[in-house]
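Visitor: Sequence:
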Amino acid sequence: MSPGAPLRALGRSALGLCRDTGGIAALGVEVVRALVPPRIDGRMVIDQMYKMGVQSLPIVALAAFFAGVLMALQSGVIVRQLGATSLLGWGGGFAIFRELGPVVIALMFSGRVGANNAADLGNMKITEQLDGLRALAIDPVRYLVAPRIVAMVGALVSLTIIGNSIALQGGTVFSMLLFDVEFITLFTSLVDNISPFDLLHGVIKSAVFGVFIALTSCYFGLSVRGGAVGVGRAVNGAVVAAAVSIILLDFLLSHLLP
14 MSPGAPLRAL GRSALGLCRD TGGIAALGVE VVRALVPPRI DGRMVIDQMY KMGVQSLPIV
74 ALAAFFAGVL MALQSGVIVR QLGATSLLGW GGGFAIFREL GPVVIALMFS GRVGANNAAD
134 LGNMKITEQL DGLRALAIDP VRYLVAPRIV AMVGALVSLT IIGNSIALQG GTVFSMLLFD
194 VEFITLFTSL VDNISPFDLL HGVIKSAVFG VFIALTSCYF GLSVRGGAVG VGRAVNGAVV
254 AAAVSIILLD FLLSHLLP
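Numbered as in the working numbering, the sequence shown ends at 271 without a single skipped number.
One should not assume that every hint holds.
Said to hold, decoys possible - Calculated cross-link-like contacts (lysine to aspartate or glutamate; reagent style DMTMM-like; alpha-carbon spacing at most 25 Å):
(1) Lys138 - Asp60
(2) Lys138 - Asp33
(3) Lys64 - Glu195
(4) Lys138 - Asp54
(5) Lys64 - Asp54
(6) Lys138 - Asp152
(7) Lys64 - Asp133
(8) Lys138 - Asp263
(9) Lys64 - Glu43
(10) Lys138 - Glu43
Honestly, the hints are just simulated from the structure, not real lab data.
Go ahead and model the full structure; you've got the sequences and the hints to work with.
Guide: Here it is in structure tokens:
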């Protein structure tokens, strides 16, 4: 291997990152144009929300439940040592609503829905269905991409709200079983210390996550080249890009939102 090979590989990776970032941004502009004024098929949005949201509910509910259990298990040990079990409801709820719920559910959502969306659009690309739409003067972004983005955002926000409640219930049940904390103590701690903005904080995060998951999966699906092998690469790229975006956006939003 030549001495300059690592630098060339790094340069290719940097160029690829810039290309993909620019492509996702350009797709976002096209989607905004398609949505203003809104002229998308409402039936397709509902159909996509069912596929993305309702069919993802079991795996999201399972992940959220055990996330709440783990939160209660880890925090319960500490608060019991400090003799502050009355803070357990507030601490668990604060972490679930602001961080744990939105991030865990978004990662699960991107792995299932984002990958499926990239594969679906990629198959349409390699079978020339997108070219067929253009031949009929139908804009693929307006007809296929915009409804999926609206559906993904709506589905992820809904799943986050449901998942947060399930995580909270899981944490409550195991706090009562493992640490002998009364339900009224947990409930009072939660209600007295959690503000409405704590709930809104997670909803805002999930909406932003949904936009980026949708844009990355649609971009990689529409950029497929090389047949079935290219579809596999697109799915992998979409999942990785979405996961990285979620972590970075969570960091930024945690600092920007009070």
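Visitor: Check the structure against each numbered hint from earlier and tell me which ones fail, lowest number first.
Guide: Numbers 3, 8, in rising order.
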